[in-house]
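Chains as they are written, first to last, in our numbering: chain A, 284 to 741; chain B, 284 to 741; chain C, 284 to 741; chain D, 284 to 741.
Any given hint could turn out to be false.
The list makes no distinction among identical chains, and a pair is therefore deemed to hold if it is satisfied within one copy or across any two copies.
BS3-like cross-link-like pairs, simulated, lysine-lysine; straight-line CA separation at most 25 Å [said to hold, decoys possible]:
1) Lys726 to Lys561
2) Lys654 to Lys585
3) Lys529 to Lys358
4) Lys325 to Lys703
5) Lys369 to Lys325
6) Lys325 to Lys561
7) Lys358 to Lys325
8) Lys621 to Lys365
9) Lys529 to Lys689
10) Lys654 to Lys644
11) Lys464 to Lys703
12) Lys585 to Lys369
13) Lys375 to Lys358
14) Lys512 to Lys375
15) Lys536 to Lys561
16) Lys339 to Lys536
17) Lys339 to Lys703
18) Lys644 to Lys529
19) Lys689 to Lys703
20) Lys529 to Lys339
21) Lys561 to Lys358
No lab work stands behind these hints, which were simulated from the structure alone. None of the values given here were measured: they were computed from a predicted structure.
Protein chains: 4
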Amino acid sequence: MKKFSQWVNSIADAGKELLSGKARQDKSQSLASLCNELCTSKGEAMGTAIAHEVVKAYSALDAERRLAFFQMLHKDFGADPKEIVKCAEAFKQAPGRDTYRALYHAVETRRQILFSRINMAPDGTETLIQLRSDLLDLLGQYPELGGVDYDLRNLMISWFNRGFLTLEQISWETPAHILEKLIAYEAVHEMTGWGDLRRRLADDRRCFAFFHPALEDEPLIFVQVALVKGYAGNVQELLADPTEGKTDSRGHKPDIELQDGFDTAIFYSISNCQEGLKSISFGNFLIKQVVLELRQEFPQLKQFATLSPIPGFRSWLSKELANRDSTVLDVKTRDLLKLLDSNDWVKNAESKEKLQPVLTKLCAHYLYNAKRGIQPLDPVARFHLGNGAQIARLNWLGDTSANGIKQSAGLLVNYAYDLKSVETNHEAFVNEGRVAISAEFQKLVKNTAVPVATKKPA
Amino acid sequence: MKKFSQWVNSIADAGKELLSGKARQDKSQSLASLCNELCTSKGEAMGTAIAHEVVKAYSALDAERRLAFFQMLHKDFGADPKEIVKCAEAFKQAPGRDTYRALYHAVETRRQILFSRINMAPDGTETLIQLRSDLLDLLGQYPELGGVDYDLRNLMISWFNRGFLTLEQISWETPAHILEKLIAYEAVHEMTGWGDLRRRLADDRRCFAFFHPALEDEPLIFVQVALVKGYAGNVQELLADPTEGKTDSRGHKPDIELQDGFDTAIFYSISNCQEGLKSISFGNFLIKQVVLELRQEFPQLKQFATLSPIPGFRSWLSKELANRDSTVLDVKTRDLLKLLDSNDWVKNAESKEKLQPVLTKLCAHYLYNAKRGIQPLDPVARFHLGNGAQIARLNWLGDTSANGIKQSAGLLVNYAYDLKSVETNHEAFVNEGRVAISAEFQKLVKNTAVPVATKKPA
Amino acid sequence: MKKFSQWVNSIADAGKELLSGKARQDKSQSLASLCNELCTSKGEAMGTAIAHEVVKAYSALDAERRLAFFQMLHKDFGADPKEIVKCAEAFKQAPGRDTYRALYHAVETRRQILFSRINMAPDGTETLIQLRSDLLDLLGQYPELGGVDYDLRNLMISWFNRGFLTLEQISWETPAHILEKLIAYEAVHEMTGWGDLRRRLADDRRCFAFFHPALEDEPLIFVQVALVKGYAGNVQELLADPTEGKTDSRGHKPDIELQDGFDTAIFYSISNCQEGLKSISFGNFLIKQVVLELRQEFPQLKQFATLSPIPGFRSWLSKELANRDSTVLDVKTRDLLKLLDSNDWVKNAESKEKLQPVLTKLCAHYLYNAKRGIQPLDPVARFHLGNGAQIARLNWLGDTSANGIKQSAGLLVNYAYDLKSVETNHEAFVNEGRVAISAEFQKLVKNTAVPVATKKPA
Amino acid sequence: MKKFSQWVNSIADAGKELLSGKARQDKSQSLASLCNELCTSKGEAMGTAIAHEVVKAYSALDAERRLAFFQMLHKDFGADPKEIVKCAEAFKQAPGRDTYRALYHAVETRRQILFSRINMAPDGTETLIQLRSDLLDLLGQYPELGGVDYDLRNLMISWFNRGFLTLEQISWETPAHILEKLIAYEAVHEMTGWGDLRRRLADDRRCFAFFHPALEDEPLIFVQVALVKGYAGNVQELLADPTEGKTDSRGHKPDIELQDGFDTAIFYSISNCQEGLKSISFGNFLIKQVVLELRQEFPQLKQFATLSPIPGFRSWLSKELANRDSTVLDVKTRDLLKLLDSNDWVKNAESKEKLQPVLTKLCAHYLYNAKRGIQPLDPVARFHLGNGAQIARLNWLGDTSANGIKQSAGLLVNYAYDLKSVETNHEAFVNEGRVAISAEFQKLVKNTAVPVATKKPA
């Protein structure tokens, strides 16, 4: 009957006794002093008691003291350049095991030890994730703290190794305190509440998340999947609830059933959950694992594809419009695109009819040809193509939400994950920047108003 | 109904498809080539498929190829000394974020990346632990492999951080495949089989283990505790089964009940389980956590103490006997100790009577005064005193097993863990080499035949 | 990953093969024929296959056929009066084991066998509960079906024996598909949605339910408890959410904490969940078990009491007002009570002030003196007093919801469960109709405007 | 960390307070008085407190008092014959709902109420099963207690309805305290200890058990299955451990793997576990459910069959030998069968060779023709044929254990469960006594030395 968290608390409190010896007396210790102590042998000897004090002290800091704390980590817990130089010279003189290890230790910062010890406390991992989230908020203004982040991020990359993550299916039978977090964390297509969530967990949907054992109730990332027939192209249709407002005689909402004949799994939303784990990537692993899981459960599935936003399309288009020398836009096109200036074009059948071929081709061009170095300009394209997916299909008016219109004129794209092509696609993409595309998409690129390949060199 | 391991297998097999693309063709790949590939960006892009191939390939190696594999890791996956020197010089010229990071990367070995990626596979962590166990067996003969071990050990220290371990109570309700491992792993007082184990898991006993989430069914370390009245001094009494040979009318063994009036928890056996996690220490954390758990369950507990072996006593004594100038032994004592030459002294009441005072004092002297640097010579003493425990009591004929007689003439010692003194004890021990002892033990040291403190300088 | 329900379905389908033998051929069987078959030895030999067919066939019935099915159960599956008379006469002639058993069997109906066999199917118990719920809806119009209900109810009393129920704590960590049912089933103070539910499951609240193993996800009854200081008298205060509209920086709702100093557990809502288990009583067992659970978790609890509606008060009062000879109401009181005719009295401070003493006394009189036989007229009073509780306190304007005003002029009552008095209270209540009351409530009864005790005989 | 049983105990103790009121004072109550009280309304009002007292009091009875307790149940808690006769006459006069219900109640004994209430206590169901086990031991000597057993058995049939049982797979990952019971309960082929059990739970074996939710840790019945190629005919081969005495480098026993090519599931042992549930049958349901489970897990399975003992063969044979007029045995056969008199025939190749054809045919005859009414004389045959199985194959020297030789001259038989024939087989067996046999077995019966069908009428 007792909740787990209560046990942890009572035990952690009990651990306090370890700190009640003569050595400590009755003065309350500063966080700096606790951190220093935690890095010594005593940090280990006291079990997790000192680490627990650090966790509590950190949680109680206000914004100002938090900044001071990070500054202290930056100044007092970094590596010692003199020691590094000394060890480096010794290594240069006589490269070998001992000089290597000495250098290795010199390069290591005391922050790494400190963070590792904080991690030992109950809620230690959670605290470090919060700490990094706080730190990231400050990095813009205090770039010198980048070294602190560097250490913390390296530890997290090690700790959140794929081998330690567990894949869990999220369903309507999942505990409410976890589902509640999904509502808060959904980043692609906002959830409006429990009714919306319930529809996304119906029998014709699947949801999977990665968890880490040290963060029992906190998803790290989750993906939402629709089981449908053929590629789905419209996200509002996927999110609609066909049982809206209906209840049975006992007041229960009716269940939505999985329809026969489905052959495609559409990954229509992937959300990272932990700000403090930023740039530690889970998405690629998640997608591939879920493809395997789904194929296990449903051998009838023939295709696995995303229904993805194209976040950079409109801003790229604006730049092209602003650029008088753009080779992408001719006068007629520029003229037509003025229709976009009014937000009402989506409601106007004529405008939509006119815009469809032009925007579709431009978007295909954007995805296929617009680059940053040899990689696509669009960040979502970069991610999926880097994973070995191919561009399968563009979907006109796939997302007619305000956000969808704003970022990509309502266009959505399917990236297909065909396991057999993933390796080849990945290698061609990484080595040559080659973008894998479907035959259908191929036609859009061939027919672009402005044959880019020949013009770009100009 | 399906067992978990079957799921994992089917999924891992499915992952194989990822490797079936054109790029790979039909040739079966060498382990070296897989390892190289795993370290590239493709290692991540392929999800866990390549890592899984490496795991399978490693498991299939025979001893000779295993050695070759380790040699390859040593030679081809280490850090590049030239690159280190280059980066170190750049850092020396201009210490700063970029030069520091470059050096940091140069110091890092490809092995670390390789091991991290192997860890991503199903059974990856288990494979690495096995790999390190295999490696440790070779270190004596091939000391150059120490660098490979260094990298692996550093990763494991990070991954097996206390914050990721879970404490589990082991009981007679624990699954048999785990209990079976306890029988195999018990290192202090061997278990003779399931009957012996059952007695150690009765109501008047407790057993706790640390587990790591990536090794679901493998304890890392476990401790066995007896709930008794006052210090227990004899381990055979603790291990005896009062229900030996009894069964009830239904063929069930009767339960052993926890007796009223107990006030002491005796930690009579602590065993590390994983050879491949050698020198990654869990014991100190385990003891302190279990003290807190037990106090939570049984507020009536007044004392927490070990019943520990003294593994170095007899070999130290032999050296003193061999040393003609020993200040510890006088002629009369030397004479008396000849009784030890016969293994029968334990069965001889007179011999025992004569030996008791002499051996007890010598053993007290050994524990208290025999040093390696400023630390005790005895490794078990070093461990518990370093944790902040104190020497509480010596127990004559505490372990009359062949092994007990051989290593410590049957003597056992209680180290007491008094939470309130742990910090003070630890600091005095680490800083000054001061050994915390009870008033009772104090008398033994005072009365040692040979007042060591004054003689040692001589 | 596979959901349990899928297993059950696939297995049940597989069971179909058992029915595919020659004997059955291809004709689809009628429900009547299946029921007859299920009562024979074959019903058992086929495992659960025939029972499963009956379950499916019943679920597919429309209202008309359902009625026909119940009529069939009534006519064709009852006991045979001739057989009963025959066996009764044999018993009368020679009372003994064999004649007794023959009579026992004659009295038993085939319906009992049929229901027992249906129960063997997957979802069998659930189907029977649904079946009884359907049946109860028809009883008013078709009283002859009472015999069918009698058999079913007797079986359910046996199957839902307290010994087979498990008490579960319901919390915010409970799976959503169960929580959703609580929202639907709450019968006393309606839940407006997930936000309302979340508040009722906060740290200063407890919720417990009985479950039956055959109905894994269906609570049978649940009770909601508030942990407060002293008796709570106002239910709207208990239901209010102090964190209304607040969220933290990550979009999470803040937690409501349990306040120090609480000493009382208020049971403010008890709801039965299964229409089909009507008149099978769980409430008394639930309350007593929860008192014990709470005392275990919180030794500081001093009082356990309900905050209960008084559903019959206003209708009783209306009758008294309509009765010109009422000895309870004098002219002045009648005059004052006209204030109740307007629904606005609750918003009018003067009206409230005037009405409080009069309504409070009348309500105390109603609870204490208004009887049906020797038992209280009020059904909720009957329940709690029968359980051994005492009337502790009346609460003016304890429930100002429309329903609260309508049924009891906003008054609520606390029934206190003092374990030490339960037995005495129960016996006095059952044997003599004596109602246990607190000293505080005693004053209200003494001071009733109309000294009832002396007048009643009149 | 707290074990569940501890919770239950503390709560049950707490419930004691309910019995501490004035009404009870300090005298300790007799079991008779507690039982009477438990049957009144107070029995329910006190929650489970009185029932718990009864459970404790019963457990403390010695053999003599236990008998006295059963005698009391027989005399004081039975039905009242006068009341039965009165109600029966009323029913005869006016058969109808009210007279029926009155008679129904009159036929019900107070024991039924008492047992139902005892069942409400913690450990209530367990206590009643123990109570029935104790009672069955006494029935032979005290047949008048049969009525007490009749009531208890009827309740248990209701409570242990198939719909309330759960099928669990038993594996080497099952908790040891449950596995330990399997060792004790195995009734067909005795288990010699944990090593034997481990082999029976290896990857090429399956074990399933029925559990009841009120008896969490107690299997009711379990079946052991071997996955093999073709019918297995020898049980010692199935029980042999191919890894006997082997351990790997870490001290672990090697795993036995499931071999490719298996197509048959052999049910080689079915054991009932609870003496107190005697003659409440689970076996038929278990076999059919396990067939479905196995087919789900292994679609490659083509055949499901038992490897069963023939417990009555030798004793039937002895009777035939003793019967001079036996039509089954001719002189030559009688002569040959003298070989059986020496226990050594099993070790003698010549004896075995001579006996094989004769004993096999006689055994086939026994199984097929020896009857009790229209049913087979052999109880195991009766069970499986009644379930709808067919006799598939006789196995010479299938069980060479002392017991196997003793009861059936080492012969074992396979009963095949072909789902598609089960219904037809069952009906023919029940209605006409027809025994389903395989073509292979058919030959044995045709060729019996003595054509029984024609001789029996003689």
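Here is what the structure says about each hint:
no.: 1; hint: Lys726 to Lys561; in the structure: neither (37 Å within a copy, 61 Å between copies)
no.: 2; hint: Lys654 to Lys585; in the structure: neither (31 Å within a copy, 59 Å between copies)
no.: 3; hint: Lys529 to Lys358; in the structure: neither (62 Å within a copy, 37 Å between copies)
no.: 4; hint: Lys325 to Lys703; in the structure: between (54 Å within a copy, 14 Å between copies)
no.: 5; hint: Lys369 to Lys325; in the structure: neither (28 Å within a copy, 38 Å between copies)
no.: 6; hint: Lys325 to Lys561; in the structure: between (32 Å within a copy, 22 Å between copies)
no.: 7; hint: Lys358 to Lys325; in the structure: within (23 Å within a copy, 38 Å between copies)
no.: 8; hint: Lys621 to Lys365; in the structure: neither (62 Å within a copy, 60 Å between copies)
no.: 9; hint: Lys529 to Lys689; in the structure: neither (33 Å within a copy, 29 Å between copies)
no.: 10; hint: Lys654 to Lys644; in the structure: within (16 Å within a copy, 82 Å between copies)
no.: 11; hint: Lys464 to Lys703; in the structure: neither (35 Å within a copy, 41 Å between copies)
no.: 12; hint: Lys585 to Lys369; in the structure: neither (61 Å within a copy, 52 Å between copies)
no.: 13; hint: Lys375 to Lys358; in the structure: between (28 Å within a copy, 19 Å between copies)
no.: 14; hint: Lys512 to Lys375; in the structure: neither (64 Å within a copy, 62 Å between copies)
no.: 15; hint: Lys536 to Lys561; in the structure: between (38 Å within a copy, 23 Å between copies)
no.: 16; hint: Lys339 to Lys536; in the structure: between (44 Å within a copy, 21 Å between copies)
no.: 17; hint: Lys339 to Lys703; in the structure: between (50 Å within a copy, 21 Å between copies)
no.: 18; hint: Lys644 to Lys529; in the structure: neither (42 Å within a copy, 46 Å between copies)
no.: 19; hint: Lys689 to Lys703; in the structure: neither (35 Å within a copy, 63 Å between copies)
no.: 20; hint: Lys529 to Lys339; in the structure: between (48 Å within a copy, 24 Å between copies)
no.: 21; hint: Lys561 to Lys358; in the structure: within (24 Å within a copy, 35 Å between copies)
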